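K.L.:
Listed below, chain by chain, are the residues.
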Amino acid sequence: MTFLKVCFLIFVKDLKDEIRKKENILASLFFGLLSVVLFHFAVDSTEIDLSKDGSGLLWLIIIFAGTIFMQNLFKKEEENGTFYALILAPVDRAAVYLGKFAVSFLFLLILEFFLFALSFFFFNFPVLKSFFWLLLILCSINAGFSALGTLISSLTVNQKGSFILYPLLLYPLLFPLFIAAVSLTQRFIKAQLSFSEPWLRLVILFDIIFLTVSSLLFELITEE
Amino acid sequence: MKRKLVKWAIIFSIVAFVFNLTALLMVFGYAPAESQMGEAQKIFYYHVPCAFSSYLMLFVSFVFSLIFLIKKTEKYDIWAWAGAEVGLVFVICVLVSGTVWGKSAWGKWWVWEPRLTTFLIIFLIYFSYLLIRIFGKIDSKTPTIAAVLSIIGFLDVPLVNRAISWWGSVVHPKKVSLEFEMKLTLAVSLISVIILSLSLLLWRVIADERVKEKNG
Numbered sequence: 001m002t003f004l005k006v007c008f009l010i011f012v013k014d015l016k017d018e019i020r021k022k023e024n025i026l027a028s029l030f031f032g033l034l035s036v037v038l039f040h041f042a043v044d045s046t047e048i049d050l051s052k053d054g055s056g057l058l059w060l061i062i063i064f065a066g067t068i069f070m071q072n073l074f075k076k077e078e079e080n081g082t083f084y085a086l087i088l089a090p091v092d093r094a095a096v097y098l099g100k101f102a103v104s105f106l107f108l109l110i111l112e113f114f115l116f117a118l119s120f121f122f123f124n125f126p127v128l129k130s131f132f133w134l135l136l137i138l139c140s141i142n143a144g145f146s147a148l149g150t151l152i153s154s155l156t157v158n159q160k161g162s163f164i165l166y167p168l169l170l171y172p173l174l175f176p177l178f179i180a181a182v183s184l185t186q187r188f189i190k191a192q193l194s195f196s197e198p199w200l201r202l203v204i205l206f207d208i209i210f211l212t213v214s215s216l217l218f219e220l221i222t223e224e
Numbered sequence: 001m002k003r004k005l006v007k008w009a010i011i012f013s014i015v016a017f018v019f020n021l022t023a024l025l026m027v028f029g030y031a032p033a034e035s036q037m038g039e040a041q042k043i044f045y046y047h048v049p050c051a052f053s054s055y056l057m058l059f060v061s062f063v064f065s066l067i068f069l070i071k072k073t074e075k076y077d078i079w080a081w082a083g084a085e086v087g088l089v090f091v092i093c094v095l096v097s098g099t100v101w102g103k104s105a106w107g108k109w110w111v112w113e114p115r116l117t118t119f120l121i122i123f124l125i126y127f128s129y130l131l132i133r134i135f136g137k138i139d140s141k142t143p144t145i146a147a148v149l150s151i152i153g154f155l156d157v158p159l160v161n162r163a164i165s166w167w168g169s170v171v172h173p174k175k176v177s178l179e180f181e182m183k184l185t186l187a188v189s190l191i192s193v194i195i196l197s198l199s200l201l202l203w204r205v206i207a208d209e210r211v212k213e214k215n216g
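Going down the list, the sequences are from chains A and B.
Note that our numbering has the first sequence beginning at 1, numbered continuously upward.
Note that our numbering has the second sequence beginning at 1, numbered continuously upward.
The shape of chain A in the complex, shown without the other chains:
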């Protein structure tokens, strides 16, 4: 079976399962909605204009809600005891990793569209300025976030206390991505984005490094 076909089959399998069960995506979306409403009460809206200064808060919600989804990426394999079957399948393990990566990438994108739309609705967040730039920011951030999120998720499979371990492992590693996401969104709001933007280059570098390293490490950690 070719590499891409394996990726695609894993992607479709997880997508179908998620559409059937809906528990992960619904939990993430509801958490997002809850957090957006809570943030209204967390800041003094007469002092802070969330339509201008809310990008940091929005990305915090995305990271937390994204975690809910991503830490369960290998959950069904864990519950059914099929994780080792998946790993022992005579296919390239990097393809398994990339299939899972694609699922988390897609669901993060859905979550982000939902949250940006909510922010537009509640706080008049200027999301409609340029769809192209918004999509570019979201995709570039998602690639790095999903790369590390998927790897850490595979590491904590069958691990006692994986719910505590997951954020503990992931959040410290996401600092550069988070800072870049906030900066890029702030520039997006001010319509100051261009292709020569250094933050964009930093994010792309992050994506390339961690997508490559994570797929290589996935092969090594599943060798046992």
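Don't read these hints as lab results, they were simulated from the structure.
Some clues are possibly wrong.
[Unchecked claim] Distance condition first, Cα-Cα at most 20 Å in a straight line; then the derived DMTMM-like pairs of lysine to aspartate or glutamate:
#1 B/K75 / A/E78
#2 B/K141 / A/E77
#3 B/K71 / A/E79
#4 B/K141 / A/D207
#5 B/K141 / A/E223
#6 B/K71 / A/E223
#7 B/K72 / A/E223
#8 B/K141 / A/E23
#9 B/K214 / B/E74
#10 A/K13 / A/E23
#11 B/K4 / B/D139
#12 A/K160 / B/D139
#13 B/K75 / A/E223
#14 B/K72 / A/E219
[Claimed, not checked] Have a look at the derived ranges for each label pair, beta carbon to beta carbon:
#15 A/F131 / B/V211: 52 to 60 Å
#16 B/W109 / A/F122: 54 to 62 Å
#17 B/A187 / A/L34: 17 to 25 Å
#18 B/K183 / A/L34: 54 to 62 Å
Just so it is clear, the structure is predicted and the values come from calculations on it, not from any experiment.
Ideal Cβ positions, reconstructed from N, Cα and C, are used throughout, including at glycine.
Following the hints, complete the assembly by docking chain B onto the known chain A.
P.N.:
Frame of chain A; chain B shown alone:
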């Protein structure tokens, strides 16, 4: 192997003691006081070497983590763990000396200065490494998780540094011009702290091997 390690650890410890004594004498007796900060500037002679040693130890952890993942041999995991732990000690030294420096130079205990903030984030990454080691002491998968964290964490450091530099204002002097006496003192303290970090690394490995031997 262990006997050889103990021999090297003793040699490194003695050399570290002699060098550190010399470095301290030079810091307080030979290097001139800086005109603006006065005696407080002397923190610099240990702040910079601690930063350098922490990077060195985290690099040791990175290399051994990688070898461990490839070869799956426990002895490399011991070295990786030791490197991360000793590295974390030096990261804490950098943070503490940095805050003391900040208080005397800028009048505040904490300034969101890029290099110091980078060390705060390195501290967070490797503290989570330590927590995972503590939580999963008897779990067979813990060394693998820790190795991945050490590799990704080390690769993350330059990106963290870049991101923080672009985010915040630069308070650290870009280029420091030092007098000859200051340069010489810095060189001696640098060597002394590096040797100290290597001796700590060796003792940490020996301690871990002794525990493993005892537990069978």
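K.L.:
None of the hints should be skipped; say for each whether it holds.
P.N.:
Hint check results:
{"no.": "1", "hint": "B/K75 / A/E78", "result": "violated, 30 Å"}
{"no.": "2", "hint": "B/K141 / A/E77", "result": "holds, 18 Å"}
{"no.": "3", "hint": "B/K71 / A/E79", "result": "violated, 30 Å"}
{"no.": "4", "hint": "B/K141 / A/D207", "result": "violated, 26 Å"}
{"no.": "5", "hint": "B/K141 / A/E223", "result": "holds, 12 Å"}
{"no.": "6", "hint": "B/K71 / A/E223", "result": "holds, 11 Å"}
{"no.": "7", "hint": "B/K72 / A/E223", "result": "holds, 10 Å"}
{"no.": "8", "hint": "B/K141 / A/E23", "result": "violated, 28 Å"}
{"no.": "9", "hint": "B/K214 / B/E74", "result": "holds, 16 Å"}
{"no.": "10", "hint": "A/K13 / A/E23", "result": "holds, 16 Å"}
{"no.": "11", "hint": "B/K4 / B/D139", "result": "violated, 30 Å"}
{"no.": "12", "hint": "A/K160 / B/D139", "result": "holds, 9 Å"}
{"no.": "13", "hint": "B/K75 / A/E223", "result": "holds, 18 Å"}
{"no.": "14", "hint": "B/K72 / A/E219", "result": "holds, 13 Å"}
{"no.": "15", "hint": "A/F131 / B/V211: 52 to 60 Å", "result": "holds, 58 Å"}
{"no.": "16", "hint": "B/W109 / A/F122: 54 to 62 Å", "result": "violated, 38 Å"}
{"no.": "17", "hint": "B/A187 / A/L34: 17 to 25 Å", "result": "violated, 57 Å"}
{"no.": "18", "hint": "B/K183 / A/L34: 54 to 62 Å", "result": "holds, 58 Å"}
Checked against the numbered hints given earlier, the structure breaks hints 1, 3, 4, 8, 11, 16, 17 and satisfies all the rest.
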